[in-house]
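2 protein chains.
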Amino acid sequence: MQSRLTAEDTEKSAEMNPRVSSVTTLAHSAVQNDGMNSFNFEVNATEGAARAATLTSRRGVIETPVFMPVGTAGTVKGVRFEELESPELDARIILGNTYHLWLRPGIETIKACGGLHNFIGWNRPMLTDSGGFQVWSLGALRKITEEGTGFRSHIDGSLCFLSPEISMQVQAGLGAEIAMAFDECAPGEATHDEARQSMELTLRWAKRSKAAFEVTQAVSLRQLSNEGATQTDNLRYRQALFGIIQGSSHLDLRRESLQRTVEIGFDGYAIGGLSVGEEKHVMMEVIEDIVPRMPADKPRYLMGVGTPEDLIEAVARGVDMFDCVLPTRNGRTGQAFTSRGKLNIKNARYTLDQKPLDENCACSVCRRHTRAFIRHLYQSGEMLASILLTHHNLVFFLDTMKRVRQAIRSGQFAKFRREFTEQLNCGLES
Amino acid sequence: MQSRLTAEDTEKSAEMNPRVSSVTTLAHSAVQNDGMNSFNFEVNATEGAARAATLTSRRGVIETPVFMPVGTAGTVKGVRFEELESPELDARIILGNTYHLWLRPGIETIKACGGLHNFIGWNRPMLTDSGGFQVWSLGALRKITEEGTGFRSHIDGSLCFLSPEISMQVQAGLGAEIAMAFDECAPGEATHDEARQSMELTLRWAKRSKAAFEVTQAVSLRQLSNEGATQTDNLRYRQALFGIIQGSSHLDLRRESLQRTVEIGFDGYAIGGLSVGEEKHVMMEVIEDIVPRMPADKPRYLMGVGTPEDLIEAVARGVDMFDCVLPTRNGRTGQAFTSRGKLNIKNARYTLDQKPLDENCACSVCRRHTRAFIRHLYQSGEMLASILLTHHNLVFFLDTMKRVRQAIRSGQFAKFRREFTEQLNCGLES
Numbered sequence: 001m002q003s004r005l006t007a008e009d010t011e012k013s014a015e016m017n018p019r020v021s022s023v024t025t026l027a028h029s030a031v032q033n034d035g036m037n038s039f040n041f042e043v044n045a046t047e048g049a050a051r052a053a054t055l056t057s058r059r060g061v062i063e064t065p066v067f068m069p070v071g072t073a074g075t076v077k078g079v080r081f082e083e084l085e086s087p088e089l090d091a092r093i094i095l096g097n098t099y100h101l102w103l104r105p106g107i108e109t110i111k112a113c114g115g116l117h118n119f120i121g122w123n124r125p126m127l128t129d130s131g132g133f134q135v136w137s138l139g140a141l142r143k144i145t146e147e148g149t150g151f152r153s154h155i156d157g158s159l160c161f162l163s164p165e166i167s168m169q170v171q172a173g174l175g176a177e178i179a180m181a182f183d184e185c186a187p188g189e190a191t192h193d194e195a196r197q198s199m200e201l202t203l204r205w206a207k208r209s210k211a212a213f214e215v216t217q218a219v220s221l222r223q224l225s226n227e228g229a230t231q232t233d234n235l236r237y238r239q240a241l242f243g244i245i246q247g248s249s250h251l252d253l254r255r256e257s258l259q260r261t262v263e264i265g266f267d268g269y270a271i272g273g274l275s276v277g278e279e280k281h282v283m284m285e286v287i288e289d290i291v292p293r294m295p296a297d298k299p300r301y302l303m304g305v306g307t308p309e310d311l312i313e314a315v316a317r318g319v320d321m322f323d324c325v326l327p328t329r330n331g332r333t334g335q336a337f338t339s340r341g342k343l344n345i346k347n348a349r350y351t352l353d354q355k356p357l358d359e360n361c362a363c364s365v366c367r368r369h370t371r372a373f374i375r376h377l378y379q380s381g382e383m384l385a386s387i388l389l390t391h392h393n394l395v396f397f398l399d400t401m402k403r404v405r406q407a408i409r410s411g412q413f414a415k416f417r418r419e420f421t422e423q424l425n426c427g428l429e430s
Numbered sequence: 001m002q003s004r005l006t007a008e009d010t011e012k013s014a015e016m017n018p019r020v021s022s023v024t025t026l027a028h029s030a031v032q033n034d035g036m037n038s039f040n041f042e043v044n045a046t047e048g049a050a051r052a053a054t055l056t057s058r059r060g061v062i063e064t065p066v067f068m069p070v071g072t073a074g075t076v077k078g079v080r081f082e083e084l085e086s087p088e089l090d091a092r093i094i095l096g097n098t099y100h101l102w103l104r105p106g107i108e109t110i111k112a113c114g115g116l117h118n119f120i121g122w123n124r125p126m127l128t129d130s131g132g133f134q135v136w137s138l139g140a141l142r143k144i145t146e147e148g149t150g151f152r153s154h155i156d157g158s159l160c161f162l163s164p165e166i167s168m169q170v171q172a173g174l175g176a177e178i179a180m181a182f183d184e185c186a187p188g189e190a191t192h193d194e195a196r197q198s199m200e201l202t203l204r205w206a207k208r209s210k211a212a213f214e215v216t217q218a219v220s221l222r223q224l225s226n227e228g229a230t231q232t233d234n235l236r237y238r239q240a241l242f243g244i245i246q247g248s249s250h251l252d253l254r255r256e257s258l259q260r261t262v263e264i265g266f267d268g269y270a271i272g273g274l275s276v277g278e279e280k281h282v283m284m285e286v287i288e289d290i291v292p293r294m295p296a297d298k299p300r301y302l303m304g305v306g307t308p309e310d311l312i313e314a315v316a317r318g319v320d321m322f323d324c325v326l327p328t329r330n331g332r333t334g335q336a337f338t339s340r341g342k343l344n345i346k347n348a349r350y351t352l353d354q355k356p357l358d359e360n361c362a363c364s365v366c367r368r369h370t371r372a373f374i375r376h377l378y379q380s381g382e383m384l385a386s387i388l389l390t391h392h393n394l395v396f397f398l399d400t401m402k403r404v405r406q407a408i409r410s411g412q413f414a415k416f417r418r419e420f421t422e423q424l425n426c427g428l429e430s
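Going down the list, the sequences are from chains Z and C.
Take 1 as the starting number for the first sequence in the numbering used here and just add one per residue.
Take 1 as the starting number for the second sequence in the numbering used here and just add one per residue.
No wet-lab data here; the hints were simulated from the structure.
Incorrect hints may have been included.
To be verified - Result set (EDC-like, lysine to aspartate or glutamate): computed pairs, CA atoms no more than 20 Å apart in a straight line:
1. 77/Z x 382/C
2. 346/Z x 156/C
3. 298/C x 309/C
4. 77/C x 108/Z
5. 77/Z x 82/C
6. 111/C x 353/Z
7. 346/C x 156/Z
8. 355/C x 108/Z
9. 355/Z x 108/C
10. 346/C x 108/Z
To be verified - From the structure, some residues in chain Z lie toward chain C, with a derived Cβ separation under 7 Å:
11. 75
12. 77
13. 104
14. 112
15. 115
16. 119
17. 120
18. 161
19. 363
20. 368
21. 372
22. 376
23. 382
24. 383
25. 384
Stated by the list, open to error - Short derived list, chain Z residues pointing at chain C, Cβ under 10 Å:
26. 46
27. 48
28. 114
29. 379
Here the structure is a predicted model, which means the values were calculated and not measured.
Even for Gly, the Cβ is constructed at its ideal location relative to N, Cα and C.
Using the sequences and the hints, build the whole thing.
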């Protein structure tokens, strides 16, 4: 049986805590006064719209711009946690998917195992999405109402229901450093009317998300206090909650969504509903228009994006945080990201190729293995093909972001961006 | 196109080298005079029939008793080579399968990539089997004649043919430190007549294997010499060739097979045709009877065996080398080997289990991850389940053998064997 929380659960916990609102206010202000130990975002350097910043969470410091590897079901597919922590990858924050973890193993299991970090054995920061995008992406399998989204589990077909309140309860149980508001996504080609409807629903859900989130944080804080957590225990601090800007490709709606989301007030702001089928130039137009209007003193997170060039271009427009399945998923389907563009290891031209995946890469995969061997592994259906390609791809994404941060801090980002893009466009065969 | 060598290829190379026999003799005696740098086996300590020895190959020293992880298609499934080399695993020798590598990527590809070590990026010793057992295990897909075994590829159904001569050429191209004679295996329940027929064929094939092997070694040596290999280059040394004892469960045939295989003369001797469906006590009877009669000054290799208890019992009877897919294959199907017996991670009792796979294990998997998490990974079809279970299982096998070696060297093997077996029989739930 999968554990399921209902909207009533949240109400119940509010009933059981008559002093919730005042507790929340107190807790919130205590955290806000606590400086470096709580959630904190500080811009250290800028170059044009690009910025290098330091995000301090209760489980460690994250330098931005940052790419967050996706750990859908509590694992970045094909990568051991020791590798993620190694200097070569040094992933400072990874993402977990509320939808997947809620369905399997279920939130009661994860709570019984001490929360998501304890359960999976990872003590660095995490971010959980709200499940909103993933139930939306189920398409015909889901039905969206004012209350939330009903859907059939992709695992066993059972009927499930996710709402802002349930998502907040589940995310509190998971215990990531950053939780996301429960949103609705409109398709890339949504009409103005459709996109407005969706945006308005997302705004109502954002308010409900924030209210439910405050309750969960107050409950968690009281539990920790009862358990004797001390003032020096970072984990007594509340999670952070990010709001999500929607509005499809309609800039007026995007601006309105941004303004009204900021009015609700969150610890950071994300742009959702991009990279969902719209043209690339449409995505860039939205980013170009919206990012400069986002609060400068809060992290800006572009959800589900993207290719290495997307990352660089979005950083140039002021984005701080990214997540994407590309390095991991494409690694599993035989694609390597390289400094000179994508390489499809299935291609017969690599059968005898003694070069590494990327001649400009010094990662452990490129130091040791040839394209010929990795192609052989892929053709033979060997797990090691996915392991090696995923590792190299993650190094490429994370190392690129490291170089981006260094470039911004040293005022060399414009030069870096130009050279990086030129090289990428060279192609592997030239 | 898969590359295929024919029996004629070997004859051709002999024709092209009229002085093959004398070259071979010279080369052989040169190597034999070269002490530590060539293949050498030295027993350092014994306790009862158990022995601790040092096997010196051109790519490094192997302490025995040793367990060789199986790297069928050039990869120990789910394990990066860095892990195999790490102090935690420290695999000194791994096995490659001639059958699989010959079919894919093909020997011409591997030769063009500088041999198997270069191709896969592994510079420690390797052993290749002959392909005999694997084509035999194809069952209805193969047809055995005096010349060799015709079979259909499990990959594309194409007709292929493997013989002693072709196996030796392929194994020379692969370039492992230890090659195996091409043999035929009889089923566990073979009658005396069937087993004798099979054994006689294996003996004729053993002679042909040795003759063809000498040719390949002479050719390789001459090539290396032409390429300017120096006296200090270990890789100029010949490969070692092991003979294989057959005879099913019939002890008289086993003894005869042993005697006549030793008369042909090999660098080491293997017991084949066990663990192929016969009762466990039958296997132990053969081992108990045959191993003490095997040459004491050569390595003794028990092929395809076995469980941790099989390994300990065979060591107690004088076996030095083992290979088996159990730690890797069973890891992929959710089974952990532990100091208290097998653990099936699929079992629902582990859903909330906060213990490591093995409470007596200090490996990186057991230090970090719980049974609950690994079960979740397995249930979710996550690659990391296989990766973690395989890693732990290999640590268990390799660490057990390390402790066996230490025990024999310190005269504590009888005690170790008793305690190890007692603990194994305790079970996980007691």
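Each hint tested on the structure:
no., hint, in the structure
1, 77/Z x 382/C, "holds, 7 Å"
2, 346/Z x 156/C, "holds, 18 Å"
3, 298/C x 309/C, "violated, 24 Å"
4, 77/C x 108/Z, "violated, 34 Å"
5, 77/Z x 82/C, "holds, 19 Å"
6, 111/C x 353/Z, "holds, 13 Å"
7, 346/C x 156/Z, "holds, 18 Å"
8, 355/C x 108/Z, "holds, 18 Å"
9, 355/Z x 108/C, "holds, 18 Å"
10, 346/C x 108/Z, "holds, 19 Å"
11, 75, "holds, 4 Å"
12, 77, "holds, 6 Å"
13, 104, "holds, 6 Å"
14, 112, "holds, 5 Å"
15, 115, "violated, 12 Å"
16, 119, "holds, 6 Å"
17, 120, "holds, 6 Å"
18, 161, "violated, 22 Å"
19, 363, "violated, 11 Å"
20, 368, "holds, 4 Å"
21, 372, "holds, 5 Å"
22, 376, "holds, 5 Å"
23, 382, "holds, 5 Å"
24, 383, "holds, 5 Å"
25, 384, "holds, 4 Å"
26, 46, "violated, 39 Å"
27, 48, "violated, 40 Å"
28, 114, "holds, 8 Å"
29, 379, "holds, 7 Å"
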